[in-house]
Amino acid sequence: MSTDTATSTSSATAALAADRPSMVTAKQLSRATATRQRRSAHAKMWIGATCALLVILPVALANVLPLPGPDQQQLTARLLPPLTGGHLLGTDQLGRDLLSRILHGGQVSLTVGVLAVVVSGIIGIVAGSAAGFLGGWVDSAVSRLLEAQLSLPLLMMLLLVVALFGSSIPVITFVIAVAQWPEVARLTRSLVLVEREKPYVAAARVLGLHRIAILVRHVLPNVIKRATVVVLLLLAQAVLLESALSYLGAGPQRPFATWGRIISDGQDFVTTSWWLVTMPGLVIAILVVGVNLFGDGLRDRVRRRKGSDT
Amino acid sequence: MSIHTPPPELSRRSLLRGIALAGGLAAFGGTLTACSSPTGAGGAGGAAGGTLTLALNRSLVSLDNKLNQFDAAVTVQRAVRQALTRIDEKLTPQLVLAEKFELTAPTQWTVKLRDNLAYSDGTPVKIDDVVTALTMYQQVNGSFLASFFPEWPKVVPVDDKTFTLETESPFPTLDYVMANILITPAGANQPQELQDGVGSGPYVVTAANRGTGEYTLKRNPKYWGIAAKIDTIEVRFMPEESSRVVALRSGQVDVIDSVSPDAVKQLAGLSDIKVETVDGTRLNQLFYNFRKPRSHPLANPQVRQALSHAINGPALIDNVLGGVVTAAAGPVPLTLAGAVKTGEYVYDPTKAKQMLDSLGVKNLEVKIIWESGEFANDASVMEAVAQMLGDVGVKATLQQFEPGGDILKWRQGRAGDWDILGNGFPSPTGLASTMMQGMYAGTAAKEATRDTYHGYVYPAITDLVVKAQSEVDRTARDKLLADAQKAIWDTWPCLWAFVPKAVTARRSQVEGIALTPANNYDVLNVRLGA
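For the record, the sequence lines run as chains A and B.
Each residue of the first sequence is one higher than the last, beginning at 96 in this note's numbering.
Each residue of the second sequence is one higher than the last, beginning at -4 in this note's numbering.
Careful, some of the hints might be misleading.
[To be verified] If you anchor each label on the Cβ, the simulated ranges turn out as follows:
| hint | chain 1 | residue 1 | chain 2 | residue 2 | range |
| --- | --- | --- | --- | --- | --- |
| 1 | A | 319 | B | 136 | 47 to 53 angstroms |
| 2 | A | 148 | B | 400 | 45 to 51 angstroms |
| 3 | B | 401 | A | 381 | 53 to 59 angstroms |
| 4 | A | 240 | B | 186 | 21 to 27 angstroms |
| 5 | B | 136 | A | 180 | 51 to 57 angstroms |
| 6 | B | 401 | A | 229 | 40 to 46 angstroms |
| 7 | A | 148 | B | 388 | 55 to 61 angstroms |
| 8 | A | 366 | B | 185 | 19 to 25 angstroms |
| 9 | B | 186 | A | 377 | 49 to 55 angstroms |
Hints in this document: simulated from the structure, not taken from any laboratory.
Every residue gets a Cβ at the ideal spot worked out from N, C-alpha and C, and that includes glycine.
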């Protein structure tokens, strides 16, 4: 009996050795840290993308969905709970369809968020890469500026700017963009510092390329992916900042629905009409978790590829 | 033979477990503590003589009413400083620092101070203090109370306790109006908000934080009258109504004021919470901007009337304002002495459209401005009004100002243009005449300094109000006031107006709150039950 078992085991090992020139089994490979990390990144990206799209798609399609207008009031049908009176998420204190308010409000919040991260991404990448590559006084100026800005309390600074210049969508977009550029700039600068010491940069210099040309044509393409991932992660933060400003009364003027304002208005009814606060809060949470998970997964994948490239 | 066991290591996992366990125990313990004593030490659950905690909806930036005259603030201010008279819950003047306050001639009132009056620092209340107080209220820039005085009375001392208040024209309601002039030691009074707490009231200030709006008042041991029943009053500023409601329910605070209709519904039926409601004297209005050029559509009273027909007042009252307001039926609330019904706001959008068409008004755009917290459910009212105007073809844009913003400049026409202002006007005297004096008795001279009520200047109406103010005969005065109110109504000053009820919610242990229609109460009689 034991002789038979020993014989079969040795034959299986021989077969495996014939397939793979290693004693590491497929099972062991699947349990390996690298494999788990790859699977985790994959799962994060899928879950993140699903959560984010669950919010972004309906928000993007809000104007074509068969919903009442976000500002269309029906005073006799106020504070209806979800799934009553033909309102999926109920109605608010003026009888407006809450789902429509959330979706249309999402358009404002997401537009502000996307525009803000695009602007902050451009500012951050340009300033950070210039600081990292050019060094000298440019580096000093950019570094001191972003350190100074990072030392200021973010929300207070935003409230101050909105108080001074009014609470229009362009102003809010701009202040959020300006608030977020240091993170992108810091990362870009550090990535460029690493890249500029590599041989291909030296080769480009020897070939007589101008510094700006080297930066734009050779260095930036090598750092842009990783910088973009950080910019994507800032989208969630931008949406949260916009919601926070609206919640504090510094958002776009009424009757614009924004997520922060819907929550702010709804909190007066929190003990009797829970859905007014819960539903928009849930939407914000799903979006932020989704974007962050997607960004994390993307970052892990980019990092792994970078590792395997080197 | 012994088995060697390695000593336990403090791994990261075990450390985190330990922290989580400790945190959980702390949270559980905290919950148990909270359950055992929901009101906390010295809170509402205390016996008589304990601590009363008030949560105000607006920040109490001073304990002086020269500029800071919102309803609940008056309750706290009068706990520290007092006037010669006060307006009681029946809207009649009662003597406070004055022992006698009598009309002895058409242009003369004779006042006698009580014998034993003293401030919290032990110094006596003097006639000089009254003289200085009148001067300071007169000099303060942008005073709301100053508008109640058609002329300032002159103080003429008779003896060390008695003096007369002399005016050029008869001032038959001076005993009502003087209820708003708080008396402070002459040396400490200034033509601005006073930050210290020296007064003759039943309480003294022991801690004050103007920035956070938090104050601690202790019973005045040297109070000249019957001592207050509660030892300490804590005043907190909670701008969010939901926070005030939760704080009241949980016992963190004992009394909240200016409760909105929706909050009343949330508090209804709770056994440990009592809600008190009385008809108010405040007029909340959507007031037109009377500084528009003659060519502007809103300069035409018929256009203003047409827009009023677009407002569905009953729907706003029943749904948005929870039925705890009444639509105005005249330019001042009918609860005020001397007020008469002059008309009513009728919802008729078809008529609104027809009138606008017949007047040639097309594509009218209006801008509505207001400050958050001006009245309960203000934002909802404004959004509803904007849609109602939109239904008759008038595009309304909204601009909401946060407290502390520059709406005052806007109101004075110094910052930006607007068409309709959401505003509340209190009547701390309980008289129609003083509200009419403040809102509708504008003059060209006042308008030059932007001190009229949003440019409302109609000399004929001003004459009627001034005559009424100086008419000693009650019947004749009421007749003049009625004529003035009808004339005001015909100018159609408001898009819509309503009179809110004064609403206070308190924990059931708090007793003795006699809420006045002016939305304040005398803390002297408040006590904590078992």
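Checked hints:
For the pair residue 319 of chain A and residue 136 of chain B, the supplied restraint of 47 to 53 angstroms is violated, since their beta-carbon distance comes to about 59 angstroms. Look at residue 148 of chain A against residue 400 of chain B: about 39 angstroms separates their beta carbons, and that is not inside 45 to 51 angstroms. At about 38 angstroms, the beta-carbon gap between residue 401 of chain B and residue 381 of chain A misses the expected band of 53 to 59 angstroms. Checked against the hint of 21 to 27 angstroms, the C-beta distance between residue 240 of chain A and residue 186 of chain B comes to roughly 46 angstroms, which is inconsistent with it.
As the Cβ distance of residue 136 of chain B to residue 180 of chain A is approximately 53 angstroms, the hint placing it in 51 to 57 angstroms holds. About 44 angstroms separates the C-beta atoms of residue 401 of chain B and residue 229 of chain A, a value consistent with the hinted range of 40 to 46 angstroms. Between residue 148 of chain A and residue 388 of chain B the C-beta distance comes to about 40 angstroms, which lies outside the given range of 55 to 61 angstroms. Against the hinted window of 19 to 25 angstroms, the Cβ-Cβ separation of residue 366 of chain A and residue 185 of chain B comes to about 45 angstroms, which falls outside the hint.
Between residue 186 of chain B and residue 377 of chain A, the C-beta spacing of about 54 angstroms keeps the proposed range 49 to 55 angstroms intact.
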